[in-house]
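Undergrad: One-letter residues, chain by chain:
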Amino acid sequence: MAINATCESTASPPVNGGASHSLTHGANGSLASALADTGVNELLGELDRDLIGLAPVKTRIREIAALLLVDRLRRERGFSAGGPSLHMCFTGNPGTGKTTVAMRMATILHRLGYIRKGHLVAVTRDDLVGQYIGHTAPKTKEVLKKAMGGVLFIDEAYYLYRPENERDYGQEAIEILLQVMENHRDDLVVILAGYKDRMARFFESNPGMSSRIAHHIDFPDYQADELALIAQRMLDAMHYRFDDEAKIVFDDYLTRRMAQPHFANARSVRNAIDRARLRHAYRLYSHPDAATSDESLTTIAAADLLASRVFADGDTR
Amino acid sequence: MRVTQGTFSFLPELTDEQIKRQIEYCLDKGWAVAIEYTDDPHPRNTFWEMYGAPMFDLRDAAGIIQELAACRKTFPQYYVRVTAFDSTHGVESITLAFIVNRPANEPGFRLVRQEEPGRTVRYTIESYAVAAKPEGARY
Numbered sequence: 649m650a651i652n653a654t655c656e657s658t659a660s661p662p663v664n665g666g667a668s669h670s671l672t673h674g675a676n677g678s679l680a681s682a683l684a685d686t687g688v689n690e691l692l693g694e695l696d697r698d699l700i701g702l703a704p705v706k707t708r709i710r711e712i713a714a715l716l717l718v719d720r721l722r723r724e725r726g727f728s729a730g731g732p733s734l735h736m737c738f739t740g741n742p743g744t745g746k747t748t749v750a751m752r753m754a755t756i757l758h759r760l761g762y763i764r765k766g767h768l769v770a771v772t773r774d775d776l777v778g779q780y781i782g783h784t785a786p787k788t789k790e791v792l793k794k795a796m797g798g799v800l801f802i803d804e805a806y807y808l809y810r811p812e813n814e815r816d817y818g819q820e821a822i823e824i825l826l827q828v829m830e831n832h833r834d835d836l837v838v839i840l841a842g843y844k845d846r847m848a849r850f851f852e853s854n855p856g857m858s859s860r861i862a863h864h865i866d867f868p869d870y871q872a873d874e875l876a877l878i879a880q881r882m883l884d885a886m887h888y889r890f891d892d893e894a895k896i897v898f899d900d901y902l903t904r905r906m907a908q909p910h911f912a913n914a915r916s917v918r919n920a921i922d923r924a925r926l927r928h929a930y931r932l933y934s935h936p937d938a939a940t941s942d943e944s945l946t947t948i949a950a951a952d953l954l955a956s957r958v959f960a961d962g963d964t965r
Numbered sequence: 191m192r193v194t195q196g197t198f199s200f201l202p203e204l205t206d207e208q209i210k211r212q213i214e215y216c217l218d219k220g221w222a223v224a225i226e227y228t229d230d231p232h233p234r235n236t237f238w239e240m241y242g243a244p245m246f247d248l249r250d251a252a253g254i255i256q257e258l259a260a261c262r263k264t265f266p267q268y269y270v271r272v273t274a275f276d277s278t279h280g281v282e283s284i285t286l287a288f289i290v291n292r293p294a295n296e297p298g299f300r301l302v303r304q305e306e307p308g309r310t311v312r313y314t315i316e317s318y319a320v321a322a323k324p325e326g327a328r329y
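Chains A and B supply the protein sequences, listed in that same order.
Be aware that the first sequence starts at 649, since it is given in the numbering used here, and climbs by one per residue.
Be aware that the second sequence starts at 191, since it is given in the numbering used here, and climbs by one per residue.
Possibly wrong hints are sitting among the right ones.
[Unchecked claim] When the alpha-carbon atoms are kept at most 27 Å apart in a straight line, the in silico DSSO-like pairs for lysine-lysine are as follows: (1) K787/A / K263/B; (2) K787/A / K323/B; (3) K787/A / K210/B; (4) K323/B / K789/A; (5) K263/B / K210/B; (6) K895/A / K323/B; (7) K789/A / K895/A; (8) K263/B / K323/B; (9) K787/A / K219/B.
What the hints contain is simulated information worked out from the structure, not anything from laboratory work.
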């Protein structure tokens with residue numbers, strides 16, 4: 649979500665319909681040519697470039713890509729290649745890029761021919777769980793049908809299970825989900841996402857779910873320098889820039905903000921920038937006589953950042 | 191007598207793979223696919239029962255094939271058809287419909303002639319299978 653703003657190319661569809669690609673090289677086909685065929689290398693490169701940090705995530709995606717590619721070569725040469733289970737669970741703090749990566753994942757899996765369509769259906773509890781008896785199953789099944797051929801992304805999946813209410817319909821949705829994850833492995837990939845501690849509790853009460861998910865990927869928090877880079881990307885995309893003083897102030901802002909509660913990584917950075925834009929606009933508005941050059945329209949000054957509550961001593965928010 | 195209604199009805203029965211390809215075509219066109227069934231295949235009976243709601247926003251045929259399998263299992267001796275609805279402004283109607291399941295034995299239709307004054311004859315067709323039997327007891 650948060651990093652989306654930094655990379656406009658995120659949503660670009662595969663250039664050449666990956667799944668329909670037929671690999672024609674024979675027994676001497678090399679990995680390199682297979683790689684070139686799928687174009688997945690560019691995709692992974694793009695991922696490296698567009699997403700800042702997230703090293704463990706990138707490694708795992710590379711591993712998955714490698715496995716699928718090798719499986720493809722094996723199948724061509726007649727070795728058995730049992731379709732791997734690719735259901736995933738993304739855990740991490742808010743704003744660490746879980747949704748963004750899920751979207752990329754759909755494209756990558758499509759390029760590698762693991763899923764047929766490469767679309768992402770993002771849902772939350774409301775889309776799966778009904779409000780009265782007999783409402784949940786059709787609702788969940790409908791969502792699953794929509795996701796077939798692509799990726800089903802269940803955000804904040806731990807909400808599906810509400811232990812405090814034993815008559816909660818979430819359990820029913822989980823059971824249907826489990827069944828489909830097992831029986832329709834070829835048809836869709838399920839990605840669960842949520843905060844780490846809550847997901848851990850969710851899996852404790854649903855061990856079947858945990859064991860059916862092959863890849864548990866943890867999204868690390870961003871470091872201050874990574875956040876500064878992310879901010880830079882966001883500003884570039886919006887045609888803004890910090891002046892020299894503002895850059896230093898923003899670094900200070902990040903350190904202060906990170907120590908405060910409710911810090912949401914890249915999302916907080918975006919919010920900070922949005923508020924700075926507000927103040928920047930208001931500063932220009934309050935001096936209507938001053939000449940508005942391109943320079944003044946695009947430059948966020950230190951004052952715009954310093955007005956933030958974060959710099960107000962004694963105030964914890 | 192084999193009932194011929196809808197697209198492809200003069201061709202041999204479509205295989206599941208062929209059905210899937212046709213559904214893919216519909217989805218690529220952006221049509222909403224639905225499954226309908228009936229045991230009254232009279233040509234004037236355009237209102238077949240719907241098996242679930244039309245499946246909007248699907249991208250892949252797998253979900254529809256799954257529903258179709260469930261429908262065939264529930265109604266093995268019924269006529270089942272796949273319909274595709276085009277919601278484009280000005281079209282807004284079914285653009286493709288084909289039969290994907292039919293009863294093992296199709297006795298066909300009887301032509302009923304009704305004499306009218308002045309040597310006029312009124313014709314009616316009547317299904318042998320239906321023959322005033324209630325729904326569910328026909329095939």
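Undergrad: Next, verify each hint and record whether it holds.
TA: Checked hints:
1. For the given pair, K787/A sits about 21 Å from K263/B by alpha-carbon distance, which is consistent with the 27 Å threshold.
2. At most 27 Å may separate the alpha-carbon atoms for a hinted pair to count; K787/A and K323/B exceed this at roughly 36 Å.
3. For the suggested pair K787/A and K210/B, the alpha carbons sit about 23 Å apart, so the restraint of at most 27 Å is met.
4. With a CA separation close to 35 Å, the supplied pair K323/B and K789/A exceeds the 27 Å bound.
5. Distance hint between K263/B and K210/B is fulfilled; the C-alpha atoms sit about 18 Å from each other, no more than 27 Å.
6. With a CA separation close to 83 Å, the supplied pair K895/A and K323/B exceeds the 27 Å bound.
7. Note on K789/A and K895/A: the hinted pairing is violated, with a Cα-Cα distance of about 50 Å set against a maximum of 27 Å.
8. Of the pairs offered as hints, the one joining K263/B and K323/B holds, with about 22 Å between alpha carbons and a cut-off of 27 Å not exceeded.
9. At most 27 Å may separate the alpha-carbon atoms for a hinted pair to count; K787/A and K219/B meet this at roughly 25 Å.
In summary, the numbered hints that this structure violates are 2, 4, 6 and 7.
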